[in-house]
Amino acid sequence: MSWDIDLQALWLTLKLAMLTVVILLMVCLPAAWLLNKYQGRFKPVIEALITLPLVLPPTVLGFYLLMAFSPNAWLGNAWLQVTGEQLTFSFTGILLGSLIYSLPFVMQPLMSGLSQLGEAFEQQAASLGIVTWKRFAYLLLPLLKPSIISAATLGFAHTLGEFGLVLMIGGNIPGETQVLSIALYNHVELLEYQQAHNLAALLLLCSFLSLLLLYKFNRPLADIR
Amino acid sequence: MLQVSVSHQINELKLEVELDLHGKGSVIGVFGASGHGKSTLLRILAGLEKQANYQLGSHGLSDVYGVSIGCNHSIAEQNPCVLNRQKALLFPHLTVLQNLEFVIKHSYWRTEKQTVSEHKVSRDISIHDVIQWFNLKPIIHKSVDALSGGEQQRVAIARSLLSGKPIVLLDEPFSALDWQTRISFLTLLPEIARRFNICFVLVSHSLKELAIATDYMLCIRQGHAEEHGNTADLINELGQIAGQPVFSNLTLCFQRCLPEYRLSQWALSDAPQQHIYFKQVVAEAINKTPQIQNDDVIVQQKRITLDADQVSISRHFNADTSMLNQLKGKVLNICEQEHMALVSLSVGEQRLFAQISKLSLHRLNLQPNEVVYAQFKAL
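Top to bottom, those sequences are chains D and F. Under this note's numbering, the first residue of the first sequence carries the number 1, and numbering increases by one thereafter. Under this note's numbering, the first residue of the second sequence carries the number 1, and numbering increases by one thereafter.
Heads up, some of the hints might be wrong.
[As the list claims (entries may be wrong)] Subject to a maximum C-alpha distance of 16 Å in a straight line, what follows is the list of computed EDC-like cross-link-like pairs (lysine to aspartate or glutamate):
| hint | chain 1 | residue 1 | chain 2 | residue 2 |
| --- | --- | --- | --- | --- |
| 1 | F | 87 | D | 119 |
| 2 | F | 14 | F | 49 |
| 3 | F | 142 | F | 191 |
| 4 | D | 37 | F | 49 |
| 5 | F | 50 | D | 119 |
| 6 | F | 358 | F | 309 |
| 7 | F | 328 | F | 270 |
| 8 | D | 37 | D | 119 |
| 9 | D | 134 | F | 101 |
| 10 | F | 328 | F | 349 |
| 11 | F | 87 | F | 145 |
| 12 | F | 330 | F | 349 |
To be clear, the hints were calculated from the coordinates, so they are not data collected in a lab.
Construct the entire structure; sequences and hints are all you get.
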């Protein structure tokens with residue numbers, strides 16, 4: 001019985017991490033590209049906002065999101081009107097939370113990759129008559145591949161380990177919001193150390209493996225320049 | 001074909017250039033020491049300096065290239081100039097061939113701008129052409145990282161030519177190549193320009209490079225185009241000032257190959273009976289099979305440089321010498337320097353310089369308007 005719940009938690013965790021990474025990459029790639037070009041006076045503000053989830057305690061972030069997601073707040077209310085579902089204590093809710101929570105981990109490698117790459121290649125391509133979207137699709141994306149892999153891995157591994165935020169906005173609903181880290185906490189609370197051991201080892205292994213793959217197969221950007 | 005008005009402040013340097021290069025030939029040189037704004041001028045022309053105040057006149061562009069006047073020159077991909085920098089900037093995730101194909105496949109000027117007036121040449125430059133011109137066959141499948149600096153520059157210029165843009169800006173394009181290879185590529189530029197109706201702007205700090213490739217040149221000092229004029233005229237003036245060794249700049253026409261001696265025979269463009277022999281059998285292209293001959297560039301006319309200290313002077317035609325080249329000319333003037341004398345001769349309509357020792361000068365007792373023979377070995 002409890003093994004079923006653990007499997008469910010594992011699946012939920014993987015689904016959450018995967019969706020988070022995919023959505024974040026789709027948003028962050030163009031965003032990082034634009035932000036890298038943007039040199040206006042609001043740049044530091046935008047950068048600070050993006051990096052904020054990195055330093056903020058997850059409970060603080062979770063608390064504000066919980067407030068925003070509640071049906072009494074405009075965001076939660078609007079969501080309820082449009083979809084008929086509540087944001088708090090739902091998978092969508094923790095997915096939205098994870099997106100914000102893991103944003104800096106995806107954004108940072110992309111930003112530093114772009115700034116390392118510099119403008120030279122893009123300017124050269126432009127001068128050769130290659131239009132903006134083609135430069136982005138055929139030149140920037142391949143050149144940024146190492147950074148994209150870093151961003152995806154870090155985003156994935158970081159979402160795996162999310163705890164405080166999910167607990168705040170998602171609670172502890174098996175099959176809906178109960179991810180591995182929370183299932184682990186449950187086991188410990190109930191003094192089920194054997195299951196806790198299994199889950200902890202699983203999380204440790206997953207995280208270690210993603211990072212190992214990252215460092216083993218990802219050529220740093222410096223090599224291709 | 002190029003009317004430019006540029007004004008741009010970079011730190012201390014104010015770059016102000018106004019030019020009408022219409023009808024001034026198809027290869028234009030820009031000479032100047034480093035830090036005087038040559039490269040910036042090219043970046044502005046290419047639409048890469050957003051702050052620059054810059055107008056590129058489309059006079060002539062529209063009828064020659066079918067370029068619509070609506071092109072926004074401040075958008076680099078729509079600007080008719082392609083910038084070829086000293087640093088090759090090949091796309092590192094692609095091989096040499098893929099770099100070339102990338103531009104053919106994606107360049108706005110090759111895909112969208114196929115419309116064109118009747119003046120436009122019948123075909124665009126093909127990959128086959130550039131491979132041949134720049135000898136890319138041995139490296140065509142190599143990855144870009146594996147190339148030497150000179151190879152990278154060759155691929156870069158090939159790639160720029162494939163962009164389909166009508167004006168190619170070359171910023172020290174052959175700086176990593178040895179002098180012989182450099183000369184052969186420089187000689188090719190006017191020929192490519194003529195065949196494919198392209199205009200080149202060549203930036204260099206070497207007067208010799210400009211002498212070989214360009215028809216018209218300007219000299220930039222402190223951001224201003226101080227002098228401009230026909231290359232041959234300007235070089236004679238600048239040569240003295242710039243402190244570079246004096247050399248003659250001659251235009252030659254191809255006459256024939258002497259393959260048994262591995263020589264080729266050329267003549268002064270305006271005096272076909274005045275021969276000049278070269279050590280190589282011109283382009284190998286000449287001996288190639290007739291089928292592909294049409295596609296090859298066979299350079300029929302070229303400009304060369306001849307160092308003044310390689311030339312000696314004789315009062316009579318000398319049949320008993322191993323020197324192959326003897327040009328008949330008239331002494332224009334003699335300029336005595338510290339321990340040498342620079343004799344300038346007119347051969348045909350062209351000018352030839354000979355640097356001889358003062359001792360020779362006194363022994364020969366040369367006088368202006370005297371007819372003499374300038375001798376030098378096969379080049």
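Checked hints:
Our distance criterion of 16 Å between C-alpha atoms is met by residue 87 of chain F and residue 119 of chain D, whose separation comes to about 14 Å. Note on residue 14 of chain F and residue 49 of chain F: the hinted pairing holds, with a Cα-Cα distance of about 14 Å set against a maximum of 16 Å. For the given pair, residue 142 of chain F sits about 28 Å from residue 191 of chain F by alpha-carbon distance, which is inconsistent with the 16 Å threshold. With a C-alpha separation of about 14 Å, the suggested pairing of residue 37 of chain D with residue 49 of chain F holds against the 16 Å cut-off.
Pair hint residue 50 of chain F plus residue 119 of chain D holds up; C-alpha atoms about 14 Å apart against a cutoff of 16 Å. For the given pair, residue 358 of chain F sits about 13 Å from residue 309 of chain F by alpha-carbon distance, which is consistent with the 16 Å threshold. For the hint pairing residue 328 of chain F with residue 270 of chain F, the CA-to-CA distance comes to about 13 Å; that is within 16 Å, so the pair holds. Only pairs whose Cα atoms come within 16 Å are accepted, and residue 37 of chain D paired with residue 119 of chain D is accepted, the gap being roughly 9 Å.
This hinted pair checks out: residue 134 of chain D and residue 101 of chain F have alpha carbons roughly 14 Å apart, not beyond 16 Å. Distance hint between residue 328 of chain F and residue 349 of chain F is fulfilled; the C-alpha atoms sit about 12 Å from each other, no more than 16 Å. Under the criterion of a C-alpha separation no larger than 16 Å, the hint pairing residue 87 of chain F with residue 145 of chain F is consistent with the structure, at around 13 Å. The hinted pair formed by residue 330 of chain F and residue 349 of chain F meets the criterion: a straight-line CA distance of about 11 Å does not exceed 16 Å.
Of the hints listed earlier, the one the structure fails to meet is number 3.
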